[in-house]
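Single-letter residue listing:
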Amino acid sequence: MTGATQAGGRVPRPDSLPPRPYRFPRFERRRLDNGGKLVIAPARKLPLATVCIVAEAGAVTEPAGREGIAQLVGDLLLEGSAGYSGAEIAERFERLGAVVEIETQWDVSVICVSALRQHLESAVQFLGEVVRAPSFPEREVERLKSERRAELMRQHTEPRGLADDMFSRVVYTAASRYSRPIGGTEKSVTSISGQDVQRFFDDRYRAGGLTIVIAGDVDVDDGDRMTRSAFGGWPAGAPVIATTNDTPARDGRGLHIVPKADAQQAELRIGHVGVPRNHPDYYSIVIMNAVLGGLFSSRINLNLRERHGYTYGAFSGFDWRRQCGPFSVSTAVQTEVTARAAKEVIAEIDRIREAEVSAAELSLATSYLDGVFPIRYETTESIADALVTLNTFGLPDNFHDVYRERIRAVTTHDVLRAAREYLTPDALQVLMVGDAGPLRAQLEELAFAPVTLHNPKDES
Amino acid sequence: MDQTAPIVAVNLWYHVGSANERTGRTGFAHLFEHMLFQGSADVDSNEHFELIQRAGGTLNGSTWLDRTNYFETVPSNHLELVLWLESNRMGHLLPAMTQQKLDNQRDVVKNERRWSLDNQPYGSWWERLPALCYPLEHPFHHSLIGSNEDLDAASLEDIGDFFRTYYTPDNAVLSIAGDFDPARTRAWVERHFGPIPKGGGRPSATSDAMPPRFGGWRREVVPDNVALSRLFLAFLSPVFGSEAYYAASVCAAVLGLKKGSRLYRSLVRDRRLASDTKAFTYDLSKGSDLLVLDVTGLAGVSGEELEVAVAAEVDALRSKPVTGEEVGRAVALLESDYVTAIQSAGERADRLSMFATYFGDPSLINEQVERYRKVTAKAVNEFVRDRLGSDNRASLLYVPREAATRTAAA
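Chains A and B are the protein sequences, given in the same order. The number in this note's numbering is simply the position in the first sequence, starting from 1, with 80 added. The number in this note's numbering is simply the position in the second sequence, starting from 1, with 1 added.
Hints are computed from structural coordinates only; laboratory data are not their basis. Bear in mind that the values here come from a model prediction, so they are computed numbers and not experimental data. One or more hints might be untrue.
Using 25 Å as the maximum straight-line C-alpha spacing, the simulated SDA-like pairs for lysine to any residue come out as follows [claimed, not checked]:
1. B:K375 - A:V179
2. A:K537 - A:D244
3. B:K279 - B:E326
4. A:K537 - A:E231
5. A:K225 - B:R263
6. B:K287 - B:Y339
7. B:K259 - A:E168
8. B:K259 - A:S165
9. B:K102 - A:N383
To be clear about the criterion: a stretch of chain A counts as covered by chain B if any three or more of its residues have a C-beta under 8 Å from a C-beta of chain B, and this derived list gives those stretches [to be verified]:
10. 126-137
11. 184-197
12. 232-242
Note that CB positions come from ideal geometry on N, CA and C, so glycine has one too.
Same shape as in the complex, but just chain A (with noise of 0.2 Å):
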């Protein structure tokens, strides 16, 4: 219809121009005397910056029957310290504008401050002060673990986070800490004691697994200085890489039903074990995700909203962690149709290991990705979160230098290629939560599995 001839003074379509050249923030790597690491990337446009620790502390460092404790030690490091209670500590930080945000990650925890460039440097000095030695009060330990548990309750009230939850089970061996949320599930929280607490702490908090990233209105030498003053003062010591067993809970397909009464919808999950972020073939599953269903216009959603109208969305993904994280498609539909709506998904993850993608779907996938890589990088906190990522998975330097001409290298025969070896339709797992009178009287249409009922409450 494009291009047409144009009726009642209306302008054809214009061309776009040639466009103006990019290039990621230009960073800096630095070490301080304990070992830690320092990545500086000025980067200049208001008055601000991010400044984040990185700490080799995520999910899967934890002892097994602590799980959560990387999340609860977390957030305590900003619950009480030596000189300061927790209140005194909040208090402080937001006198100066300043904004915490702690963030337990599989593979690493991270603590993020951004401030306004003429607080930032007291706000970095208070940070470390408080992060270098936490008092981790009995009460605030006590404290998050409710809230936690409070957290665990509304989840399991909430059909998009017991679907998750539930996906995560039903993927992994019970032996994979993938297998559990990373916050941990209520008898692992509550099993946490004090002294575990201070343990973790002290095994993971060191300076051979510490990255400090700094993104915004500050020049190197400033970053660094700010940075040696604040975190040189650090027990040296490397914290041991961990691993945990990413294997699958079992073999083949399986259906299974979480009954959830009164739903007025189904959340839907279809997916399986995936693959780790350092893998040769990232870009190819990059784009191959992209045409499946990692953008608007990509054949899961168009089919199922947009030709269909069973749901408001639905969308692909592979979730990235040092080991094998899980690739899922998500989307929650009338609960009427949802057998329909898992077969229209289980036939599109077919139909790209089939044959190759067209030459429009390719182009669409890897144009928007490099296209859109500039506006990924607006503000100090993404910047700093790019160069974290970076940093948890060992990418080289240049990556963000090389992304855009590696997204658009990939060929239709790349995207078949990742579809046959990363999709395996023969082991997705589909999980239904919803109401399970109607969603058992569809099961016939999905005759592929053995059907497994799950109580979320049992498993817990």
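For this one, chain A is given, so just place chain B on it according to the hints.
Positioned in the frame of chain A, the structure of chain B alone reads:
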């Protein structure tokens, strides 16, 4: 303008939202927003999405009580394409509208409703709170996402009427932020939007006048499939942009912004009754704004306990007035939040559209930090006396259904 990266944001506000819907057509403004992605005279269904994504851009639209916005951020060499797409649907939408597209998007919206409201614990607060706070005939009273019945009743004729009435250049603001050449961009805007004729003017709206206070304490208790009690405590408050609004906004931050706030310190940290506390304003520029405290209890804390505890903190604002230090903390956070937000071109463009739509003056974007800095503890305490008394409260209280049944049986 900001040329630190080759990125440009385009943002369009149409001054129409759910408040402009007629009786029997709740949800229409939002359904209409979906239809704007279904193509126009020279754009196929979903081609808008595809062209922007092919350009490496991000895009979406959203509907609110009093406005609908559409926005794209793209590599700056594609700016004219975005202007063309937006002008094509502003000027020439109707030839692309079909019954089949309307039926499909109706299903999508019903699923959006199930996903965001019906199948979410506490999800109905989006509808219940405005309904509790604004009178039946008030334009902010009814549901934004709409009832399934009203969505079913929407017709192609309604699409045509709504489009001709509200989707006109004189009822829209176009903002562009980021990397662009002003002279060339002006010429493009003229070329693409210039020929689109003016509309016939907005129909006279229902009165949105509101008293400054409810005149009492309204209560609604909702037994629901939830594990934890949750309270929304709302107050009628000064409209967005007014002098008193800034004091109200600082007061909300003193009460509920982050861990140094009064509600967090008292209810989460000291008394361990709540697991989460928040405070926010709707930022409505007409009628009346709402200031809302949103507090979730810990397991075993009843709805009643939660309400008593939150109300006690509000009452304590009188016996223990807000101090200069508390205002300082709140303003420092609001200021850094503002600077953090405007790093993104899309955010800058959206705020420009907002100030131009509400007040006819986009340059107000540059005065916001200053207006917050001028707020004194005295102004906040005046706001407290004026608006936070028990004659201006509305409680929407969610309680676990099982607990509610037990209490009723006892």
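Each hint tested on the structure:
no.: 1; hint: B:K375 - A:V179; result: holds, 22 Å
no.: 2; hint: A:K537 - A:D244; result: holds, 15 Å
no.: 3; hint: B:K279 - B:E326; result: holds, 20 Å
no.: 4; hint: A:K537 - A:E231; result: holds, 15 Å
no.: 5; hint: A:K225 - B:R263; result: holds, 22 Å
no.: 6; hint: B:K287 - B:Y339; result: holds, 23 Å
no.: 7; hint: B:K259 - A:E168; result: holds, 13 Å
no.: 8; hint: B:K259 - A:S165; result: holds, 16 Å
no.: 9; hint: B:K102 - A:N383; result: holds, 14 Å
no.: 10; hint: 126-137; result: holds (count 3)
no.: 11; hint: 184-197; result: holds (count 3)
no.: 12; hint: 232-242; result: holds (count 6)
Hint violations for this structure: none, all hints satisfied.
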